[in-house]
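K.L.:
Make the full structure from the sequences, and use the hints.
Note that the protein sequences, when read in sequence, are chains A and B.
Everything in the first sequence is counted per this note's numbering, starting at 1 for the first residue and increasing by one.
Everything in the second sequence is counted per this note's numbering, starting at 1 for the first residue and increasing by one.
Please note: incorrect hints may appear among the correct ones.
Claimed, not checked - Stretches of chain B that chain A covers, calculated by requiring three or more beta carbons in the stretch to come under 8 angstroms of a beta carbon on chain A:
hint: 1; stretch: 57-71
hint: 2; stretch: 75-87
Stated by the list, open to error - Once the Cα atoms are required to be at most 25 angstroms apart in a straight line, the calculated DSS-like pairs of lysine-lysine come out as:
hint: 3; chain 1: B; residue 1: Lys42; chain 2: A; residue 2: Lys399
hint: 4; chain 1: B; residue 1: Lys4; chain 2: A; residue 2: Lys398
hint: 5; chain 1: B; residue 1: Lys110; chain 2: A; residue 2: Lys18
hint: 6; chain 1: A; residue 1: Lys4; chain 2: A; residue 2: Lys302
hint: 7; chain 1: A; residue 1: Lys188; chain 2: A; residue 2: Lys328
hint: 8; chain 1: A; residue 1: Lys22; chain 2: A; residue 2: Lys398
hint: 9; chain 1: B; residue 1: Lys32; chain 2: A; residue 2: Lys401
hint: 10; chain 1: A; residue 1: Lys401; chain 2: B; residue 2: Lys110
hint: 11; chain 1: A; residue 1: Lys399; chain 2: B; residue 2: Lys110
hint: 12; chain 1: A; residue 1: Lys399; chain 2: A; residue 2: Lys22
hint: 13; chain 1: A; residue 1: Lys22; chain 2: B; residue 2: Lys110
hint: 14; chain 1: A; residue 1: Lys372; chain 2: B; residue 2: Lys54
hint: 15; chain 1: A; residue 1: Lys372; chain 2: B; residue 2: Lys42
hint: 16; chain 1: A; residue 1: Lys238; chain 2: A; residue 2: Lys163
hint: 17; chain 1: A; residue 1: Lys208; chain 2: A; residue 2: Lys83
hint: 18; chain 1: B; residue 1: Lys49; chain 2: A; residue 2: Lys372
What the hints contain is simulated information worked out from the structure, not anything from laboratory work.
Think of the CB as a built atom: it goes at the ideal place given N, C-alpha and C, for glycine as much as any other residue.
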Amino acid sequence: MAFKVDEIRKDFPILSRKVNGKPLIYLDNAATSQTPQQVINVIVDYYSNYNANIHRGVHALSQEATDKYEHARHTIQAHFNAKHNHEIILTSGTTHGINLVANGFSSFLKKGDEVIVSALEHHSNIVPWQMLCERSGATLKVIPMNEEGELVMSEYDKLLSDKTKLVFVNHISNALGTINPIEDIIKKAHHFGAAVLVDGAQACPHLKPDLQALNVDFYVASAHKMCGPTGVGMLYGKEEWLRKLPPYQGGGEMIAEVTFEKTTYADLPHKFEAGTPNICGGIAFGAAIDYMNHIGFDSIAKYEHELLEYATKKLLEIDGLRIYGTAKNKTSVISFNLENVHPYDVGTILDKMGIAVRTGHHCAQPIMDFYKIPGTVRASFAFYNTRQEVDIFVEAVKKAKMMLS
Amino acid sequence: MTIKEIQNDIIDEFSMFEDWEERYQYMIDLGKTLPLIDEQFKTENNIIKGCQSKVWVHAEMQDDKVVFTADSDAIITKGIIAILIRVFSDQSPKDIIEADTTFIDEIGLKEHLSPTRANGLVSMIKQLKMYAIAYQTQLN
Numbered sequence: 001m002a003f004k005v006d007e008i009r010k011d012f013p014i015l016s017r018k019v020n021g022k023p024l025i026y027l028d029n030a031a032t033s034q035t036p037q038q039v040i041n042v043i044v045d046y047y048s049n050y051n052a053n054i055h056r057g058v059h060a061l062s063q064e065a066t067d068k069y070e071h072a073r074h075t076i077q078a079h080f081n082a083k084h085n086h087e088i089i090l091t092s093g094t095t096h097g098i099n100l101v102a103n104g105f106s107s108f109l110k111k112g113d114e115v116i117v118s119a120l121e122h123h124s125n126i127v128p129w130q131m132l133c134e135r136s137g138a139t140l141k142v143i144p145m146n147e148e149g150e151l152v153m154s155e156y157d158k159l160l161s162d163k164t165k166l167v168f169v170n171h172i173s174n175a176l177g178t179i180n181p182i183e184d185i186i187k188k189a190h191h192f193g194a195a196v197l198v199d200g201a202q203a204c205p206h207l208k209p210d211l212q213a214l215n216v217d218f219y220v221a222s223a224h225k226m227c228g229p230t231g232v233g234m235l236y237g238k239e240e241w242l243r244k245l246p247p248y249q250g251g252g253e254m255i256a257e258v259t260f261e262k263t264t265y266a267d268l269p270h271k272f273e274a275g276t277p278n279i280c281g282g283i284a285f286g287a288a289i290d291y292m293n294h295i296g297f298d299s300i301a302k303y304e305h306e307l308l309e310y311a312t313k314k315l316l317e318i319d320g321l322r323i324y325g326t327a328k329n330k331t332s333v334i335s336f337n338l339e340n341v342h343p344y345d346v347g348t349i350l351d352k353m354g355i356a357v358r359t360g361h362h363c364a365q366p367i368m369d370f371y372k373i374p375g376t377v378r379a380s381f382a383f384y385n386t387r388q389e390v391d392i393f394v395e396a397v398k399k400a401k402m403m404l405s
Numbered sequence: 001m002t003i004k005e006i007q008n009d010i011i012d013e014f015s016m017f018e019d020w021e022e023r024y025q026y027m028i029d030l031g032k033t034l035p036l037i038d039e040q041f042k043t044e045n046n047i048i049k050g051c052q053s054k055v056w057v058h059a060e061m062q063d064d065k066v067v068f069t070a071d072s073d074a075i076i077t078k079g080i081i082a083i084l085i086r087v088f089s090d091q092s093p094k095d096i097i098e099a100d101t102t103f104i105d106e107i108g109l110k111e112h113l114s115p116t117r118a119n120g121l122v123s124m125i126k127q128l129k130m131y132a133i134a135y136q137t138q139l140n
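P.N.:
Structural data, given as structure tokens:
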């Protein structure tokens, strides 16, 4: 069955607006995805009909909100194929999940232990581990990357040892789109008894990870990259790990009993969900997952791959254009530069033509340092982008080149 | 010329452009042609790091006036710097301190001076004023 992109686009009201007098072409999906009407309706419905605090009220609204929120947790669990519902912790987003795990691990690590991260990481994936290592005296090791933007797995093998306690890697690189071989990374880390945390923020809009099959210890994601709202995400942790990890934040909801002498913590998942959560966001996260599953991840992946190949081919026809990140296994992200032109200038001209791309170092300075560039222009495609949009985008890049060089 | 007169000249010049393309092409050409700073002043000390582009600023006092030179690694940023230098350079510290930059709105470049743009320009204007304040203190 053909992918009905014109029908799908009707679900996204923002796609029909204009920017600088031109129809919006939104190619910044790796930063945040757009929201379909089906998810917007859920948000409006929540505030219009059953806005209440959850897990504590005896009244009808509170019960209704609690049921919907917990239903969303089930949707997330089913989507990611987690074994238990209480292994899904609702967070404020990927960064929150990473910090929660890093903070918890600081009580397990000692001097001489090692934490491995990859060279393809976002800043939010580097800084918490640096902080963790500073606190615990552990050492941070980095899996290097090659010219194509792939991790050098033979070097990973050399870094692993009995000292390795935790491996942290993104499923897909935000700056380059490389899909990392996480199955292999997880297996090898487990061989040395190390835990693995995978950042799925960039992967979840494009594929459906099976967390039990992956046998991953922790996995984090954000709703706003997968058609949901900002400010909500999920941390998956294997039950045994979540029981071991100390609570991250203190507050209401995460306690069982409190006296001034001693507090006992609530059971999972509430132990990690201090305070009033983003209730509406959690419910809308569930709706976003339903929406994406309705379209189907297989269809999404196939369509996006075609768009990626088409856009790559068209862009490479432009003289002096270089694409960074040419891994065999990559998602619909194209990071590029025009020869002797600063990415900021290209982004500014594209914006004038109604095209939204990201420019700069994409919070991944180590990758930019590797290529010795100040940054790139990044066009990231979603399932609601079209070939016509790619054509307009490529013409706009040609125009930027003409104006700037 | 006073800062206000220069600003009015720039507004007049920009009013002749019919669309964004002409405005931007003009700035790009400004950015390409002007040698804006002596290489020896492109130091770490003189750098203003924006997330998007870098800006270098150097100041010196000549005959009671502050002379600024500056540069950027992005050409549109550099074009705007050329305009800012034209306005602020070779003026007395007092006039620089008192000057505003609302003319940027009138020539349709407001977005480039947004604090969230992170191209270094807002920090650059602050820096120009800081230099002026420092020189003013010396003069007193």
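K.L.:
Against which earlier hints does the structure fall short, listed by number upward?
P.N.:
Hints 1, 3, 4 contradicted; others consistent.
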